[in-house]
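Asker: Read off the chains here:
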Amino acid sequence: MPLGAARFGLGGVDLGKLELIQTQTVSGASTFTFTNLKESTYNVHFMTGIIHFDGTANSNYDAYIRVSNDGGSTYESGTDYQYAYLNAKGESSSFNDRRDTAENYFRIEGAADRTACSLNFYIYFYNLGDSGKFSFMTFQDSAVIYTGGAEQFRSRFGSQVYDVAETINALQFSTNATQYDTDTAMSLYGIKE
Amino acid sequence: MVGSLEFIKSATGSSVSSFSITDCFTDKYDVYKVVADDIVTSTEAFLELRFINSSGTIITTSDYDFADLFLKANTTFVERKVTNDDSIFDFNLSIGSVSGGAGNTIAYIFNPTNASSYTFLTFQAGSVYDDSGTFGFGQKGIGVLKQASDITGLHFLTNTGTVTSTISVYGVK
Numbered sequence: 013m014p015l016g017a018a019r020f021g022l023g024g025v026d027l028g029k030l031e032l033i034q035t036q037t038v039s040g041a042s043t044f045t046f047t048n049l050k051e052s053t054y055n056v057h058f059m060t061g062i063i064h065f066d067g068t069a070n071s072n073y074d075a076y077i078r079v080s081n082d083g084g085s086t087y088e089s090g091t092d093y094q095y096a097y098l099n100a101k102g103e104s105s106s107f108n109d110r111r112d113t114a115e116n117y118f119r120i121e122g123a124a125d126r127t128a129c130s131l132n133f134y135i136y137f138y139n140l141g142d143s144g145k146f147s148f149m150t151f152q153d154s155a156v157i158y159t160g161g162a163e164q165f166r167s168r169f170g171s172q173v174y175d176v177a178e179t180i181n182a183l184q185f186s187t188n189a190t191q192y193d194t195d196t197a198m199s200l201y202g203i204k205e
Numbered sequence: 003m004v005g006s007l008e009f010i011k012s013a014t015g016s017s018v019s020s021f022s023i024t025d026c027f028t029d030k031y032d033v034y035k036v037v038a039d040d041i042v043t044s045t046e047a048f049l050e051l052r053f054i055n056s057s058g059t060i061i062t063t064s065d066y067d068f069a070d071l072f073l074k075a076n077t078t079f080v081e082r083k084v085t086n087d088d089s090i091f092d093f094n095l096s097i098g099s100v101s102g103g104a105g106n107t108i109a110y111i112f113n114p115t116n117a118s119s120y121t122f123l124t125f126q127a128g129s130v131y132d133d134s135g136t137f138g139f140g141q142k143g144i145g146v147l148k149q150a151s152d153i154t155g156l157h158f159l160t161n162t163g164t165v166t167s168t169i170s171v172y173g174v175k
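Residue numbers (my numbering), protein chains in the order written: chain A, 13 to 205; chain B, 3 to 175.
Keep in mind the hints are simulated off the structure, nothing from the lab. Since the model is a prediction, treat every value here as computed from it, not as a measurement. Do not rely on the hints blindly, as some may be mistaken.
[As the list claims (entries may be wrong)] Calculated pairs, BS3-like style, for lysine-lysine (alpha carbon to alpha carbon, straight line, at most 27 Å):
(1) B:K11 to A:K29
(2) A:K204 to B:K11
(3) A:K29 to B:K148
(4) B:K11 to A:K50
(5) A:K50 to A:K29
(6) B:K148 to B:K83
(7) B:K83 to B:K175
(8) B:K30 to A:K204
Isolated chain A (complex conformation):
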């Protein structure tokens, strides 16, 4: 059973048109990649993930995603990424708009390096294999951060775009933490149309 499927309760069932491409578990790495996207087969990809960060205890860290147009030899780091998402807070505090029109990665805002805290998310990617289209993603996450001396619940949802029209055939995850910690796992699926 794919680890990602197990973690998200998908085990033991027919996934039908949700077709698993790859599951990865990561531990002790600051970056990892998906280099077989099957982007010519799928126009919509679905990804689930659980991330544990390893850095300084009680500090909060993010995950970043960059795209590649050359199969993973290089990853695009120019300011061609835009994001707009809402940062929803569990405590009695106003939600925040998060937006940027010239970022150099997709941002998955993170979680604390703290026991039992993790960043849990799903992402839909669109048009990765379409050389004439931008690459879009919509996402939602759920995480616990550490702020003001307490654990606080967060959820973010929104949309991001890599605004260069080209074929994307690999994805790279990085982080501002020291590395991804044990029990980090992700699964990438294609949605067959």
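Please build the complex by placing chain B on the supplied structure of chain A, with the hints as guidance.
Answerer: Leaving out everything else, chain B in the frame of chain A:
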């Protein structure tokens, strides 16, 4: 969403102002997933959603409510709250006239064929829009058709110009 995803039907509109997916809902599922990716419009346009009932009639009465958040990469987000409209107006915003531009919406439809329940949906969307420049744009929303009727299909229409897209419907077990 937990469980399997089973393809039911897709329909393609090519440079049209509207198109339908008929007979995509049955009593086999309570929850359906709609994948509307690569929506290319001839100009910046909303792709609206209307439901089709079991008589084959496109429902155009003012029985639709929806609320969504416009998430804009360049400026303040906007809350949209609309009652008694004749469509789910905000199903997607696309600007296919920009090179590289396309709209993408994932929606879940709940209880369409249950004639004793309203039909509900949740949706999320990603695209770009024009605001003196091309900027990232997202939507997260909810909607309802306040008719307790047997819904069997979907109808999509633009508020201006034409659309090209293939939209697929899946059953969620």
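Asker: Give a verdict on every hint.
Answerer: Structure-based check of all given hints:
no.: 1; hint: B:K11 to A:K29; in the structure: holds, 12 Å
no.: 2; hint: A:K204 to B:K11; in the structure: holds, 12 Å
no.: 3; hint: A:K29 to B:K148; in the structure: violated, 31 Å
no.: 4; hint: B:K11 to A:K50; in the structure: holds, 22 Å
no.: 5; hint: A:K50 to A:K29; in the structure: holds, 14 Å
no.: 6; hint: B:K148 to B:K83; in the structure: holds, 15 Å
no.: 7; hint: B:K83 to B:K175; in the structure: violated, 31 Å
no.: 8; hint: B:K30 to A:K204; in the structure: holds, 20 Å
The structure fails to meet hints 3, 7 from the earlier list, while all remaining hints are met.
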